[in-house]
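Chains as they are written, first to last, in the working numbering: chain A, 4 to 143; chain B, 4 to 143.
The set of hints was computed from the structure by calculation and includes no laboratory data. Take the hints with a grain of salt, since some may be wrong.
[What the hints assert, rightly or not] Below, in silico cross-link-like pairs of lysine-lysine (PhoX-like), each with a Cα-Cα straight-line distance of 25 Å or less:
(1) B:Lys107 to A:Lys17
(2) A:Lys107 to B:Lys17
(3) A:Lys107 to B:Lys107
[What the hints assert, rightly or not] Quick list of the computed label-pair ranges, beta carbon to beta carbon:
(4) A:Ala11 to B:Glu26: 29 to 39 Å
(5) B:Arg18 to A:His14: 14 to 24 Å
(6) A:Ser6 to B:Leu51: 43 to 53 Å
Ideal placement from N, C-alpha and C gives every residue a C-beta, glycine not left out.
There are 2 protein chains.
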Amino acid sequence: MLSDDELALWHMWKRATESVRAEVAADIAAETGLSDPDFGVLSRVEELGGGRLRQARLADSIGFHRSRLSHHLTRMESRGLISREAVGNGVDVVITKAGSAALKRARPVHAAAVRRHLLEPLSASQTDALRTILERLADR
Amino acid sequence: MLSDDELALWHMWKRATESVRAEVAADIAAETGLSDPDFGVLSRVEELGGGRLRQARLADSIGFHRSRLSHHLTRMESRGLISREAVGNGVDVVITKAGSAALKRARPVHAAAVRRHLLEPLSASQTDALRTILERLADR
């Protein structure tokens, strides 16, 4: 069993991690209309593929099950944010002009939201400590 | 825009927070069959209500939209983990015997998973630093 202190730390961890995630997503949605998965898809296709990325590689990168990603891409396609093109035995996800414009609007909003909700509340030494802690957690 | 260091910290934050959440949930699911929302519902109804809690209060506590919670409770009810009872102009969520047994099995698994994925990788001073950081983030 966990001690009271350990359980309190776990609850703080859950609350803080979920609220930072939700507030960054809410800022982006409010200013651009892009949901968290919309922004994740567009920024990955841009960063990993320069605007065109094999759907299977996108699925691995974003950590969605393939069927969930496929349903989500269908909705994004109907909103004109991406298109899909059959290539050999796979499918490429391609950012449209409208998708590219939305991503461009979202980038500074995302940066400001990360700054407001995660970086600014912390001192420089807390930021350093957080970096070390996250490295330890990633190395588990 | 974010600096490279700031963007790297954000990506580490996203990856670490998501992987801790997913691994704790996977340990509980593997050993008890309870999903993350199942465990969240059962532990909140137990802790906040001693086994019986008004559905509206559960919704506030767990942070689900009411319709999402309602659908999830319907599935938990069909699996025999909870029942729902109309009370006045509200509904009480009540843990069944099977739900109580599942929660009892899940508690030590949850404790071990939190220890393994969050607490053990950190030194005592890192744990103290993390507590301070999470307090700062909660106070935003």
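Here is what the structure says about each hint:
no.: 1; hint: B:Lys107 to A:Lys17; in the structure: holds (21 Å)
no.: 2; hint: A:Lys107 to B:Lys17; in the structure: holds (21 Å)
no.: 3; hint: A:Lys107 to B:Lys107; in the structure: violated (49 Å)
no.: 4; hint: A:Ala11 to B:Glu26: 29 to 39 Å; in the structure: violated (20 Å)
no.: 5; hint: B:Arg18 to A:His14: 14 to 24 Å; in the structure: holds (21 Å)
no.: 6; hint: A:Ser6 to B:Leu51: 43 to 53 Å; in the structure: violated (21 Å)
The structure fails hints 3, 4 and 6 (numbered hints given earlier, in ascending order).
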